[in-house]
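S.K.: In case you want the letters, here they are:
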Amino acid sequence: MEILLALMVGILYGTGIYMMLRRSMVKLILGIILLGNGANLLIFLLGRITKGAPPIIPGDSKVFTEAFADPVPQALILTAIVISFGLQSFAIVLVKRAHTVVRTDDLDEMNATDEDS
Amino acid sequence: MTQQLILYPLFLQMAISIILMFGWSRIRFQKVFSVFGSILSVALAIVVFMYIWNNGTQTVQAGNWKAPFGITFVADMLSATLVLLTAISGLAVSIFSAGSVLRDRLRFGYFPIFHFLLLGLNGAFLTGDIFNLYVWFEIIIISSFVLITIGGEKAQLEGAVKYFTLNILASMIFLTAIAVLYGITGSLNMADLAGQIAMVENRGLVQITALLFLIGFGIKAGVFPLYFWLPASYHTPPFAVSAIFGGLLTKVGVYALIRVFTLIFVNDAFLNNIIMIIAILTLVSGGVGALVQNNLRKVFSYLIICHIGYMIAGIGMFTEIAIAGAVFYLIHDIIVKTNLFMVSGVVYRIKGTNSMRDLGGIYANWPKISLLIFIPLFSLVGIPPLSGFWPKINLIKAGFAGENYITVGAIIFASFITLVIIAKLWAEVFWKADKELPLRSNFGYFTNMTIAKKLQFVVPVALLSIVSLYIGFGAEHIQELSARIADELVNNQGYIDAVLNTKN
Amino acid sequence: MRTTIILKTASNYLLPVLLVFSIFILLRGHYLPGGGFVGGLIASIAFILHSFANGLNKTKELLIMHPGFLLPLGLAISFLSGLAPVALFDLPFMTGLWSHDPIAILGSVGSALFFDIGVYLVVNGVTLTIIFTISESA
Numbered sequence: 001m002e003i004l005l006a007l008m009v010g011i012l013y014g015t016g017i018y019m020m021l022r023r024s025m026v027k028l029i030l031g032i033i034l035l036g037n038g039a040n041l042l043i044f045l046l047g048r049i050t051k052g053a054p055p056i057i058p059g060d061s062k063v064f065t066e067a068f069a070d071p072v073p074q075a076l077i078l079t080a081i082v083i084s085f086g087l088q089s090f091a092i093v094l095v096k097r098a099h100t101v102v103r104t105d106d107l108d109e110m111n112a113t114d115e116d117s
Numbered sequence: 001m002t003q004q005l006i007l008y009p010l011f012l013q014m015a016i017s018i019i020l021m022f023g024w025s026r027i028r029f030q031k032v033f034s035v036f037g038s039i040l041s042v043a044l045a046i047v048v049f050m051y052i053w054n055n056g057t058q059t060v061q062a063g064n065w066k067a068p069f070g071i072t073f074v075a076d077m078l079s080a081t082l083v084l085l086t087a088i089s090g091l092a093v094s095i096f097s098a099g100s101v102l103r104d105r106l107r108f109g110y111f112p113i114f115h116f117l118l119l120g121l122n123g124a125f126l127t128g129d130i131f132n133l134y135v136w137f138e139i140i141i142i143s144s145f146v147l148i149t150i151g152g153e154k155a156q157l158e159g160a161v162k163y164f165t166l167n168i169l170a171s172m173i174f175l176t177a178i179a180v181l182y183g184i185t186g187s188l189n190m191a192d193l194a195g196q197i198a199m200v201e202n203r204g205l206v207q208i209t210a211l212l213f214l215i216g217f218g219i220k221a222g223v224f225p226l227y228f229w230l231p232a233s234y235h236t237p238p239f240a241v242s243a244i245f246g247g248l249l250t251k252v253g254v255y256a257l258i259r260v261f262t263l264i265f266v267n268d269a270f271l272n273n274i275i276m277i278i279a280i281l282t283l284v285s286g287g288v289g290a291l292v293q294n295n296l297r298k299v300f301s302y303l304i305i306c307h308i309g310y311m312i313a314g315i316g317m318f319t320e321i322a323i324a325g326a327v328f329y330l331i332h333d334i335i336v337k338t339n340l341f342m343v344s345g346v347v348y349r350i351k352g353t354n355s356m357r358d359l360g361g362i363y364a365n366w367p368k369i370s371l372l373i374f375i376p377l378f379s380l381v382g383i384p385p386l387s388g389f390w391p392k393i394n395l396i397k398a399g400f401a402g403e404n405y406i407t408v409g410a411i412i413f414a415s416f417i418t419l420v421i422i423a424k425l426w427a428e429v430f431w432k433a434d435k436e437l438p439l440r441s442n443f444g445y446f447t448n449m450t451i452a453k454k455l456q457f458v459v460p461v462a463l464l465s466i467v468s469l470y471i472g473f474g475a476e477h478i479q480e481l482s483a484r485i486a487d488e489l490v491n492n493q494g495y496i497d498a499v500l501n502t503k504n
Numbered sequence: 001m002r003t004t005i006i007l008k009t010a011s012n013y014l015l016p017v018l019l020v021f022s023i024f025i026l027l028r029g030h031y032l033p034g035g036g037f038v039g040g041l042i043a044s045i046a047f048i049l050h051s052f053a054n055g056l057n058k059t060k061e062l063l064i065m066h067p068g069f070l071l072p073l074g075l076a077i078s079f080l081s082g083l084a085p086v087a088l089f090d091l092p093f094m095t096g097l098w099s100h101d102p103i104a105i106l107g108s109v110g111s112a113l114f115f116d117i118g119v120y121l122v123v124n125g126v127t128l129t130i131i132f133t134i135s136e137s138a
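So the sequences go chain by chain: A, B and C.
Here this note's numbering is used: position 31 in the first sequence is 31, and no number is missing along the way.
Here this note's numbering is used: position 364 in the second sequence is 364, and no number is missing along the way.
Here this note's numbering is used: position 90 in the third sequence is 90, and no number is missing along the way.
Fair warning: there could be bad hints in the mix.
To list a few chain C residues with every Cβ distance to chain B over 10 Å, as calculated [stated by the list, open to error]:
hint	residue
1	41
2	56
3	98
Only part of the chain A face toward chain C is listed, based on derived beta-carbon distances under 10 Å [claimed, not checked]:
hint	residue
4	54
5	56
6	78
7	82
8	85
9	86
10	89
11	90
12	92
13	93
14	96
15	97
16	100
If you anchor each label on the Cβ, the simulated ranges turn out as follows [claimed, not checked]:
hint	chain 1	residue 1	chain 2	residue 2	range
17	A	103	C	55	25 to 31 Å
18	B	201	A	81	28 to 34 Å
19	B	501	A	63	20 to 26 Å
20	C	20	B	23	31 to 37 Å
For the record, the hints were derived by calculation from the structure and aren't laboratory data.
Since the model is a prediction, treat every value here as computed from it, not as a measurement.
Cβ coordinates follow ideal geometry from the N, Cα and C atoms, glycine included.
Using the sequences and the hints given, assemble the complete structure.
M.R.: What follows is the structure, encoded as structure tokens:
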């Protein structure tokens, strides 16, 4: 399972960075999304994969009796997902605005900021 | 109540921005309330600063979960100082925004988001948890994305796409680094990590993790091979936004570098060498980049990069005196860089352009304002006794003590090149004969403004200039402060004890 | 946008069902999967579905106020729930406060519930604002 997830993380990072290096703005966003998912999966993988119950102690006992899953990576991933949800929706609106103003999808043609003024 | 005093700056900013959001479309109310709230936050930051100065490092365990399990907020001297500086710059930029940002932009929630940005900055300075630091960073960058795109001009959107992409990439690298760090230690509390990392056998893995942090924070701080987004975007948004970005956003990256490399990854010759090389290249490339630019804000953008090098060099040398120099420079730089971008805004209002070729004659026509602008410009250069001079002494002294002659050379080269650039800028913009520019229609020239409006431009510049002068002439106090901060950073046991053995 | 009669009819019945379901998800969130974020997303999906079927203006009429108003409201509720332990009991920020006696249906109520309600409103507001902005400019 670990090896599969590790491969998956590698593929997500690889495709994400490849997409970000393309010249199209839409592919840029896809790259960001893939990279974000790769990072989330990496947290999940490095937080150790255990088969266990949610880490909630039953009302009638004082300590854990069975194996439990580490809640911290899950909390981290949830936070990261929420954040990337916000960022990605912002990115889509931004790219849409940029496209209507600049009238191109090609990042190489976005060079107004480098003009000498 | 006082034990949670260090969280009050966060509460205040949060409350201000919520109240401002309720008055979303009442622009007059927003202007007045934003300035009022900023004055309150300066007062509060002074109270917090004095409290930390007298009582030492303070902690709050959020949610009453004991460290290292919960999120800890820590205020040591460095955090308290940066919170104070954020409040001061925030006040200046708030007044400047009220005067300079166009109504069309203010309608889209400029002020609430501006205060969210300040909330994020305060949070990043006060948190003691590495993942929480990531969350504050995200709050900062989301607010900054909105601020940089508000208005939606062509250059602005193009700059925003570049700014956005590289900052997201930096966040992803930061997140990856946190994942690896959690994988090898199983902890996220920075004070706890300090002990855990020291015990890890596999030093190679630790170094790779440290490099991931270095790259992630390095992109945000704008160090040598990673700075290209900065001059491509900082000259596009409104001047007030440039000012807060130039003054504080890159400095958060520097703060994170200082925190991580003095607390978690310490005493590693390999890492320190890499940081040193990066610092030297940053100093040189930023300076050379600034030399050839024509747009005022682009010159200042490259100077930001150049001067980040000083602080990084201080971290790289890693002696108490070097870190004192870096911290002193950080204090001076936040105030001066915020001020410089506001100065470029004032110049733009006077002449309608920011191109050095077309500018001129400002000294002849506006002698008083020119003299005021003289203070931040030459504080930046560090003509003694102005504020940029003192930290460099520390850095050069530390460089000679550690026999890092190349670093010393780079520091002197960067100071010299800054002097050349500012002298050229002064001659071009202020002393050169006035050029007749075609009058722009529909543009609010400075001459035609009412006195109240003019004051909104001049007062923040004057305010920060006075702070700059204090840093220069009261260098003894700042030196004492930065020596104390450096002592706390190098002997980090005090910080760790404060977090892990809390009494409450 | 052309919509089928099936979607149009279904969305009118789905809207209340989804809203009730979102509140159910919100309330069960403390110990079971669910919570403010997911609940908020489900509620906003209900409104988005309604807008797909009946047009944006109809949904706006239904909402009465602009969804952007939910942002400060939700933020304020969440913020105050975090602030309550500081102000009332001098406990650290965001410490969970719990009522002693369970209330019917809801169970024991704590400050976490109010935090979640705030999150629910914010997520709802943000999502609807984003979707409305995108579909208005399309």
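S.K.: Does each hint fit the structure? Answer for all of them.
M.R.: Hints, one by one, checked against the model:
1. 41: Holds, since 18 Å exceeds 10 Å.
2. 56: Residue 56/C is indeed farther than 10 Å from all Cβ atoms of chain B, at 20 Å.
3. 98: At roughly 13 Å from the nearest Cβ of chain B, residue 98/C sits farther out than 10 Å, so the non-interface label holds.
4. 54: 8 Å, holds
5. 56: Holds - the Cβ of residue 56/A comes within 10 Å of chain C, reaching about 6 Å at its closest.
6. 78: At about 8 Å, which falls below the 10 Å cut-off, the nearest Cβ of chain C leaves the hint on residue 78/A intact, so it holds.
7. 82: 6 Å, holds
8. 85: 9 Å, holds
9. 86: 7 Å, holds
10. 89: Given a least distance of 5 Å, the restraint on residue 89/A holds.
11. 90: Holds. Min distance 8 Å.
12. 92: Given a least distance of 7 Å, the restraint on residue 92/A holds.
13. 93: 6 Å, holds
14. 96: The hint holds - residue 96/A has a Cβ within 10 Å of chain C, the shortest such distance being about 7 Å.
15. 97: Check passed: Cβ of residue 97/A comes within 8 Å of chain C, closer than 10 Å.
16. 100: 8 Å, holds
17. 103/A with 55/C: 25 to 31 Å: With a Cβ separation near 29 Å, residue 103/A and residue 55/C satisfy 25 to 31 Å, so the hint holds.
18. 201/B with 81/A: 28 to 34 Å: 33 Å, holds
19. 501/B with 63/A: 20 to 26 Å: Distance hint for residue 501/B, residue 63/A holds at roughly 25 Å.
20. 20/C with 23/B: 31 to 37 Å: At 33 Å between Cβs, range holds.
In terms of the numbered hints stated before, the structure departs from none.
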